[in-house]
Amino acid sequence: MNQGMKIVKEIAQVADRDDFYTRAKTLGEIASKAFGKRHRSQMTSLENIANSTLKVTDVLDFIKKQFAKSKPNENWRKEDFGIELQKYIEQSLRKRREEICHVLEGVEEKSADGQRVYLSLIREFVRQLVIHYEYRTSGGEPDGSDNGAGPGNLYVE
Amino acid sequence: MEVTTEQVQEICMLSDGELYENAVDFVKTYYSPQKVSKTQLSGLQNAVGASDWNEIFRYIDNRLTRSTTTKELENFYQALKDYLNSLRDKVQEVNFVVKSKNTTRAEDRQVNKTIDQYAYLLAKEYIQHLIAEYNYQRTLKDARDA
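In order, the protein sequence lines correspond to chains A and B.
Using the numbering used here, count along the first sequence one by one with no gaps and you end on 157.
Using the numbering used here, count along the second sequence one by one with no gaps and you end on 146.
Careful, some of the hints might be misleading.
Said to hold, decoys possible - Ranges between beta-carbon positions, derived for each pair:
(1) B/98 to A/87: 56 to 66 Å
(2) A/98 to B/81: 50 to 60 Å
(3) B/62 to A/8: 24 to 34 Å
(4) A/109 to B/114: 22 to 32 Å
To be verified - Only pairs whose alpha carbons sit at most 27 Å apart, straight line, appear in this in silico DSSO-like list of lysine-lysine:
(5) A/65 to B/38
(6) B/71 to A/87
(7) A/65 to A/9
(8) A/110 to A/78
(9) A/69 to B/35
(10) A/110 to B/141
(11) B/81 to B/141
Said to hold, decoys possible - Sample of chain B residues lacking proximity to chain A, with all beta carbon distances greater than 10 Å (derived):
(12) 4
(13) 15
(14) 54
(15) 92
(16) 93
(17) 133
These are computed hints drawn from the structure, not numbers from a lab.
For clarity, every value in this text was computed on a predicted model and none was experimentally measured.
All C-beta atoms, glycine included, are put in the ideal place defined by N, C-alpha and C.
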């Protein structure tokens with residue numbers, strides 16, 4: 001297996017962990033309260049930046065900038081959404097990167113591959129967060145159950 | 001000046017590494033929200049937007065020589081100027097430009113111009129981090145004080 005495939009595999013394993021999912025869900029729910037449907041562009045902008053940038057700091061700068069623009073208890077300042085997201089990326093995901101780099105022998109954290117791992121983790125986390133946000137804003141229940149109106153009905157087996 | 005894929009990668013690494021860390025540290029050291037206003041930072045952002053290394057220094061020098069500039073602002077701009085100047089060394093350290101000996105004045109001028117162009121790319125990254133961090137800390141402080 002080449003290095004690229006190994007990275008993809010490790011990212012998928014981390015993204016499947018409960019803590020990763022739970023944090024994305026919690027922040028997605030806060031985002032739905034903070035932005036509702038009206039400010040959906042904030043979430044799409046975050047996702048676009050995460051997916052298109054070559055730098056982790058573009059995502060962090062975007063979060064800080066949007067946080068600074070927000071009014072108290074609104075948008076990125078609602079329930080400290082911006083602070084929590086920034087901390088999660090700078091602390092928890094950074095640790096995950098260390099772990100993955102350790103597993104992938106020969107990958108330095110501060111190398112191009114290390115940066116790729118970090119960016120992939122951020123992209124995956126933001127992707128999950130936005131999915132939870134979309135689910136909640138379209139009527140899904142915070143505990144994961146469905147009230148009959150949400151998109152959960154689409155996935156009945 | 002043509003920037004290679006390898007150089008873009010190196011700039012990204014520097015931006016995510018020491019430029020980001022140094023910008024955050026700079027804000028910690030020179031944080032003075034009353035003195036360094038949002039307008040001051042917007043002016044700096046505009047100077048960087050001019051895509052010219054010298055324009056950044058013209059802006060900073062202009063701030064430094066203003067009679068209304070307070071001690072805090074002077075310290076802020078002087079430290080910023082010193083740091084940005086150090087980026088010219090960084091350009092050579094990472095081998096974007098290699099200065100050779102026994103060159104003519106015209107060649108020297110050309111090399112220095114190329115160093116400035118690369119240094120500008122690094123400065124742009126650094127200032128973007130600095131402004132984002134400064135306004136972020138300002139909002140955090142406002143929230144704490146409210």
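We went through each hint and held it up to the structure:
Restraint check, residue 98 of chain B to residue 87 of chain A: a C-beta distance of roughly 41 Å breaks the suggested window 56 to 66 Å. Take residue 98 of chain A and residue 81 of chain B: their Cβ atoms lie about 36 Å apart, and the range 50 to 60 Å is violated. In this structure the hint that residue 62 of chain B and residue 8 of chain A lie 24 to 34 Å apart at CB is violated, the actual value being about 50 Å. At roughly 31 Å, the beta-carbon separation of residue 109 of chain A and residue 114 of chain B lies within the given 22 to 32 Å, and the hint holds.
For the suggested pair residue 65 of chain A and residue 38 of chain B, the alpha carbons sit about 12 Å apart, so the restraint of at most 27 Å is met. The suggested pairing of residue 71 of chain B with residue 87 of chain A is violated, with an alpha-carbon distance near 33 Å, which exceeds 27 Å. Between residue 65 of chain A and residue 9 of chain A the alpha-carbon distance is near 33 Å, which puts this suggested pair outside the 27 Å criterion. Only pairs whose Cα atoms come within 27 Å are accepted, and residue 110 of chain A paired with residue 78 of chain A is rejected, the gap being roughly 33 Å.
About 19 Å separates the Cα atoms of residue 69 of chain A and residue 35 of chain B, which keeps this hinted pair within 27 Å; it holds. Our distance criterion of 27 Å between C-alpha atoms is broken by residue 110 of chain A and residue 141 of chain B, whose separation comes to about 32 Å. About 26 Å separates the Cα atoms of residue 81 of chain B and residue 141 of chain B, which keeps this hinted pair within 27 Å; it holds. With a least CB separation of 14 Å from chain A, residue 4 of chain B remains clear of the 10 Å interface cut-off, as annotated.
Residue-level check failed: residue 15 of chain B sits 5 Å from the nearest beta carbon of chain A, not beyond 10 Å. The non-interface label for residue 54 of chain B is consistent with chain A: the shortest C-beta to C-beta separation is roughly 25 Å, beyond 10 Å. With a cut of 10 Å on Cβ distances, residue 92 of chain B stays outside the contact zone with chain A, its closest approach being about 20 Å. At roughly 15 Å from the closest C-beta of chain A, the C-beta of residue 93 of chain B stays outside 10 Å, upholding its exclusion from the interface.
With a closest Cβ-Cβ approach of about 6 Å to chain A, residue 133 of chain B is found to fall inside the 10 Å limit, against its non-interface label.
Hint compliance for this structure: hints 1, 2, 3, 6, 7, 8, 10, 13 and 17 are not met, and every other hint is.
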